[in-house]
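Given the sequences, and given the hints that come with them, work out the whole structure.
Number of protein chains: 2
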Amino acid sequence: MSLLVVGTVAFDTVHTPFGTAERILGGAATYASLSASYFGVQSRIVSVVGGDFPQKHIDLLKDRNVDLEGLQIIQNEKSFFWEGKYHNDMNTRDTLVTEVNALEKFEATVPDSYKESEYLLLGNLHPGIQDSVLEQMNKRPKLVVMDTMNFWMDIALDELLATIKKVDVLSINDEEARQLSGEYSLVKAAKTILAMGPKFLIIKKGEHGALLFNDEDVFFAPALPLEDVFDPTGAGDTFAGGFLGYISKTDDISFENMKRAVIYGSAMASFTVEKFGTDKLIGLSDEEVSERLQRFLNLTRFDIQL
Amino acid sequence: MSLLVVGTVAFDTVHTPFGTAERILGGAATYASLSASYFGVQSRIVSVVGGDFPQKHIDLLKDRNVDLEGLQIIQNEKSFFWEGKYHNDMNTRDTLVTEVNALEKFEATVPDSYKESEYLLLGNLHPGIQDSVLEQMNKRPKLVVMDTMNFWMDIALDELLATIKKVDVLSINDEEARQLSGEYSLVKAAKTILAMGPKFLIIKKGEHGALLFNDEDVFFAPALPLEDVFDPTGAGDTFAGGFLGYISKTDDISFENMKRAVIYGSAMASFTVEKFGTDKLIGLSDEEVSERLQRFLNLTRFDIQL
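In order, the protein sequences belong to chains A and B.
Start counting the first sequence at 637; every next residue gets the next number (our numbering).
Start counting the second sequence at 637; every next residue gets the next number (our numbering).
To be clear, the hints were calculated from the coordinates, so they are not data collected in a lab.
It cannot be assumed that every hint is accurate.
[Claimed, not checked] Just a sample of chain A residues kept apart from chain B, beta carbon distances all over 12 Å, derived:
no.: 1; residue: Asp730
no.: 2; residue: Asp748
no.: 3; residue: Lys801
no.: 4; residue: Val898
no.: 5; residue: Lys916
no.: 6; residue: Phe932
[Stated by the list, open to error] Taking lysine to aspartate or glutamate and the DMTMM-like style, the derived pairs with C-alpha atoms no more than 25 Å apart in a straight line are:
no.: 7; chain 1: B; residue 1: Lys824; chain 2: A; residue 2: Asp725
no.: 8; chain 1: A; residue 1: Lys841; chain 2: B; residue 2: Glu924
no.: 9; chain 1: A; residue 1: Lys835; chain 2: B; residue 2: Glu863
no.: 10; chain 1: A; residue 1: Lys824; chain 2: B; residue 2: Glu924
no.: 11; chain 1: B; residue 1: Lys827; chain 2: A; residue 2: Glu752
no.: 12; chain 1: A; residue 1: Lys911; chain 2: B; residue 2: Glu852
no.: 13; chain 1: A; residue 1: Lys801; chain 2: B; residue 2: Glu852
no.: 14; chain 1: A; residue 1: Lys827; chain 2: B; residue 2: Glu924
[To be verified] Some residues of chain B that are not near chain A, with every Cβ distance over 10 Å (derived):
no.: 15; residue: Ala798
no.: 16; residue: Leu822
no.: 17; residue: Leu847
no.: 18; residue: Asp887
We put the beta carbon where it would ideally sit given N, CA and C, even for glycine.
So this is what it looks like as structure tokens:
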């Protein structure tokens, strides 16, 4: 099945207690499409970069079977750039620099060849852009997953709420869920947010795992306990790409299958955090992915018959 | 099978954002023995209270089939008293008052009738007292579970390490695991702590669940997402009591059974936090416990075949 991913393709400079990586490949669409590629799913990217974006990054994405027809390259602009520094706990970070650059006038034109995509990931961007992508589709995708962040709650709440109303799955972190709902309890937050329109809500809790809610049920996937979290950048986007990669591959949007997709997304995210940027997410073998899944099974399986 | 529980029986005054409860029944041995009672297990308590401890609390424990032969009552002393205030996030708290009272000269005498108990919970007390209880046993229990806290790491580390070396399962929270090991990563912390002697380590992460480690494996049990966490006091002790209650009932100390015990302990703890003190932990029906277990199954079950 076809997966359309709209989101940033960018440069990141990342400072962690383990060292610094300068101007490495980053961006939500990058992580999500690389992650989805492990499910045999070709992601169709809608994004923009500047003339400074190197051919080697283009080649890397193409090697992972990512469709770049919708990647605009604006020669006289620079690519989106983010620089951040993680604290010692690796759970919190400060943004040092954000250069919007080519993204400032980004209009997110969906190529005709993408307009019947069956699955759609609206990566974290201005909600107006996310909405515009959805509106350009020739038919409503089978499942629309939307990521966002507190920044848009602060500066574009009305547009954000209008877009949230149209999507099937909203994927945000715990602090964002609290801000959006005004509720501290994540159970109450989920009820409030589901009443805003989406049928499903994913609350990402970083090293504490992820919750999947619908009106009636809740499912929890832990994050894999790791010896070292080296660089958390992109973990959430990798999760979303793995989630929709698995959904696209299986073409099944039941809650039972979404539970599996949450586990697959968590497994993919556990790779991303083990090295800088996309380093670990490139060139994983099928055996490595299976072995990681097995670790999730071992971590969570217990035998209680009621 | 017989379960011996050593730990505090106390009065607590608890301040939460929802209100205050004054001088209510508390203490590690109280929560643990009440929790274990739901597995048809009679807990034998070794503890001490003062002459101010009311008959109604004695009756309450006896009604739940708790053996109080080892509960010393020192008439001219007062019972241990703790007063604390939870912050709005309910995850952190300040201790306002600690009155050691009757506990100050507590010698933890194990009655003869307790000395062949097959399971032993060393609740959070001075490690010298915990050690003394273990030494008084006529035979080594099948499984010894030890709880402790950062306070003893600060003031009695050598004795703590000597006691830890003798137990089978150490049960501490994430911050305590980090302090004890000097490692931030809980995976690394677990390796360091298991090298100190215990065969199993439980790291409690409060609302983020609990991890069970042995040399080779790790198992994770989430905490149940709740609409409101009303009063977290006693959740860890309830967990430990449920864990050992289930182990005692099934008389099986395999890792597979410990995984089930962690789930049962988590289920019992999810009741405790829903009301002040022991209010919710008294008079639960079998149906309520089964229904809670079913919620854990729904929360964690997924079907992936590798």
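Structure-based check of all given hints:
no.	hint	in the structure
1	Asp730	holds (19 Å)
2	Asp748	holds (37 Å)
3	Lys801	holds (24 Å)
4	Val898	violated (8 Å)
5	Lys916	holds (17 Å)
6	Phe932	violated (8 Å)
7	B:Lys824 with A:Asp725	holds (14 Å)
8	A:Lys841 with B:Glu924	violated (29 Å)
9	A:Lys835 with B:Glu863	holds (19 Å)
10	A:Lys824 with B:Glu924	holds (22 Å)
11	B:Lys827 with A:Glu752	violated (51 Å)
12	A:Lys911 with B:Glu852	holds (24 Å)
13	A:Lys801 with B:Glu852	violated (46 Å)
14	A:Lys827 with B:Glu924	holds (23 Å)
15	Ala798	holds (28 Å)
16	Leu822	violated (6 Å)
17	Leu847	violated (6 Å)
18	Asp887	holds (17 Å)
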